[in-house]
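Note that the protein sequences, when read in sequence, are chains A and B.
Using the numbering used here, the letters of the first sequence map in sequence onto residues 1 to 758.
Using the numbering used here, the letters of the second sequence map in sequence onto residues 1 to 75.
Worth flagging that the hints you see were computed from the coordinates, not collected in a lab.
Any given hint might turn out to be false.
[Said to hold, decoys possible] Result set (DSSO-like, lysine-lysine): computed pairs, CA atoms no more than 30 Å apart in a straight line:
#, chain 1, residue 1, chain 2, residue 2
1, B, K70, A, K688
2, A, K331, B, K70
3, A, K271, A, K303
4, B, K75, A, K327
5, A, K727, B, K70
6, B, K75, A, K388
[Claimed, not checked] Far from chain A by the CB rule (all over 10 Å, computed), these chain B residues:
#, residue
7, E4
8, G9
9, D11
10, V28
11, I29
12, G30
13, R50
Given the structure is predicted, the values throughout are model-derived calculations rather than measurements.
Note that the Cβ used here is the ideal one computed from N, Cα and C, for glycine as well.
For reference, the chains in residue letters:
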Amino acid sequence: MEQDLMRELEAKCIQEQPPECVAACPVHVDARKMAAAVAKGDFDAALAVYAKAVAFPSVVSRICDAPCQTACKRREAGDPIRIRNLERACVEHGTRQQRSVFLRKRDKEVAVVGGGLSGLCAAAELGRKGYQVTLYEKSDRPGGSLLALPPEKLPPELLETDLKVLEPLPVTIRLNEPVGRGGVPFSDITERYDAVYVAAGSAEGFEELGETDETTLATRIEKVFAGGRMRLKNCSPIAAVGDGRRAAISIDRFLQGVSLASGREREGAFKTELYTDTERIEPHAAVSPSGPDGAYTKEEAQKEAQRCIQCQCLECVKGCAFLAHYKSYPKRYVREVYNNLTIVMGMRHGNEMINSCSLCGQCAAICPNGLNMGEVCLQARREMVRTKKMPPSAHDFALRDLAHSNSDAYFLARNQPGHEKSRYVFFPGCQLGASAPGLVKRAYADLSSRLAGGVGLMLGCCGVIADWAGRERLFEETVEKLTGAWASLGEPEVIAACPTCFTVFKAHYPRMRVRGIWDVLSKTGLPENFVDGKGRVLAVQDACTTRHAPDVQDGVRRLAEKMGYTLEEPRYAREITQCCGYGGLTDYANPNVGREMAARCAGQSGSDYLTYCINCRDSILREDSRAVHLLELVYPADSAKETGVAGYSLRRENREGLRAQLLREIWGEEALESGYAVSVTLDEQVEKDVEERMILKEDIARAVAAAEESGNKILDKATGRFVASHKSGAVTYWVWYTPENGGFRVHRAYSHRMDIEV
Amino acid sequence: MSQETYDSGVDLSEAGEMVCHKCGIPLVIGTVTLSYLGSSFPVNLPKCSRCGLVYIPEELALGRMLQVEKSLEDK
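With the hints as extra help, turn the sequences into a complete structure.
The following block contains the structure:
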């Protein structure tokens, strides 16, 4: 991944953008953080947040025009947060922490003309930066227009309190010293000081300064800046504070000889890109203050602050168990992926995360900017494979499953008996044949009897497993193999039973024409013995691979409704559907995250689920929820035997058995069912262990057979059990067993990848 | 010269209960080299002093060895 791309992707994630209240404030008071502190009753911390942005909190919290409140997202669910009242509560109930003033003394001298709010703020900011500030005030008291406010709005003692912040700073206030007409000549000021901020309230007498620059407050005279009410068209107190801050920054930059204007786009009020969904927020009215003029008690303030929804995006994280699992958000994840790929020495801590994503693209469908973590993780996997940095264990088992599906154990491509070529070919996919082989048989029998022109059959894997594993070469080879087999049947129209195969064929098999079986059944009509829903309610679990295929989603719904089912749409359906944990090989690379994904799917509704991907069905069943695959309703089984979830070994047996049965019953050919090297029966605990440890009965049987044949086995005298080991591929399997009825009973099975050197 | 071995983290005191079926003698603790992705580690494990047959206990395979495998894969 190139750094430019990483930055571009990072920028799409808006989680770190400021909330509306912060962006709307000219000095960016962090009202969200302040409210969080008040909500906990920590008024000291809240006041510290406020005072960081506002030098005179007692005054400003009384008179602020609070653009933050107009912007507050809470207005979409009740009243906006009364931020100004909260600020006042911070001042009244919090104790101001004496800022540990560590002044870096600078020898530059700055004059501020005008002791109103803007001038005072600039003086405070410049003083904090260590400049020697002299403030010229024409009257006998600082405060300017603040002094004209009625005492019930601004009690005079508050100004006194706030002015104390100037005491430790290198700020000198010269009262009764007007500048300009009738006072100190302005030219004297500009001559004597290194920089000047004019905030005189009125532009009268300062005409020579001309228009001020909006961003920098620079005037026609190089070292003179101007702002406050003499510039602002309104009387917004917080805008006056903002000008004071802006002038201080400009003067600091000017005196340090750096660019005045660069990088200041977001200094004042701006429009944030943060997205916050308020649709699911319960509306609450504002808490009314019981004290005079908007004074909150501690409890009232706390209650009001608890209404703050703490604006953030996290929309994708809310929808995805994988994104939630790593407890952060895509902006950080993109950076982790980038770091993981570019690391030269040290641990690649991002490997597990990269291999845990289901690559389903739900995040991109939800994200206001379309950031696709699935694409990021898939590209990363490909790069890891190319650079030989892919952990070998991550996808080993899944790739072996692909190999099994496309080996003689399962792979098949046949025309319908009596046909030289096929008009259609039924492609059930690798997992449907593994989970529900009977269903595949019944579906093929139906299609081949009702569709004219020959319905061929192809068994195998479409290659998505290789694609998900980042194995580009293997994926290409698989596409080639299947395309060749398909062409040999006369390039028939493909009828896919699996929504993932359907999507993969459409995207990666340019010569194929593909339809879903749901579509064929809609047009051809249902077989006679489908299960009539009689109004039964089912919640639809859309397959994640068809999120951008509304025609598939509609087709499935139409068919289910035709069969008499009433469908329920869960929150995450259609374009924003959740992956069940199988997608992207999550279940293999990180079973915990896979289970978390399954649990989310299974927890969406109290109704039974309707799926059209067999992996969705199995995942939901594994969570002890009820789910039925669409085709189970179309082609019901004679017995209920098929509804359980097949483990890894049974899945292989099912595939092999399905192929052999079809060959025998339809094509009259004897196919050898491979079977196991020796007959093994697993203890109940071992049945569970091998699923978690991804150990096949086949590997267990091979270990036992090899030990029995060679005599290379260990006897545990304490239990009388034998211990055998066998290396297959990169994995060494260990089996504890005892002979039983001509076969073997297995008491333990485990494996490792490290080699034992002899 | 004796080579320093890694601690397997597993109680091997019952090694004597394990018997090599072929040689008919109890396994004894000896040094075995385990390797993965180009790194190798000498470890003390039960093995047959005659034919060299090694026993890897379950708690070692699923514990220490798995940890080492994972960290070597992430290196």
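Distance restraint between K70 (chain B) and K688 (chain A), which requires alpha-carbon spacing of 30 Å or less: With Cα atoms ~23 Å apart, K70 (chain B) and K688 (chain A) stay inside 30 Å; holds.
Holds or violated: K727 (chain A) and K70 (chain B), Cα atoms, limit 30 Å. holds, 19 Å
Please work out if K271 (chain A) and K303 (chain A) have their alpha carbons no farther apart than 30 Å. holds, 28 Å
Over 10 Å from every CB of chain A: does I29 (chain B) meet that, or does the non-interface label fail? holds, 14 Å
Sort out whether K327 (chain A) lies within 30 Å of K75 (chain B), counting only the CA atoms. Holds - the C-alpha atoms of K327 (chain A) and K75 (chain B) are around 24 Å apart, at most 30 Å.
Against chain A, does R50 (chain B) hold up as non-interface, every C-beta pair farther apart than 10 Å? Label holds. Min Cβ-Cβ 12 Å, cutoff 10 Å.
Given the hint that K75 (chain B) pairs with K388 (chain A), test it: the Cα-Cα distance must not exceed 30 Å. holds, 11 Å
Quick one, are K331 (chain A) and K70 (chain B) close enough, alpha carbons at most 30 Å? Status holds; Cα separation ~26 Å.
So D11 (chain B) supposedly isn't at the interface. Is its beta-carbon more than 10 Å from every beta-carbon in chain A? holds, 14 Å
Does the claim that E4 (chain B) lies outside the interface with chain A hold up, using a Cβ gap greater than 10 Å? Per Cβ check, E4 (chain B) is outside 10 Å of chain A; nearest 17 Å; holds.
Interface-negative label, V28 (chain B) against chain A, beta-carbon threshold 10 Å: Holds, because the least Cβ-Cβ distance between V28 (chain B) and chain A comes to about 13 Å, which exceeds 10 Å.
G30 (chain B): least C-beta distance to chain A exceeds 10 Å? holds, 12 Å
The structure fails none of the hints (numbered hints given earlier).
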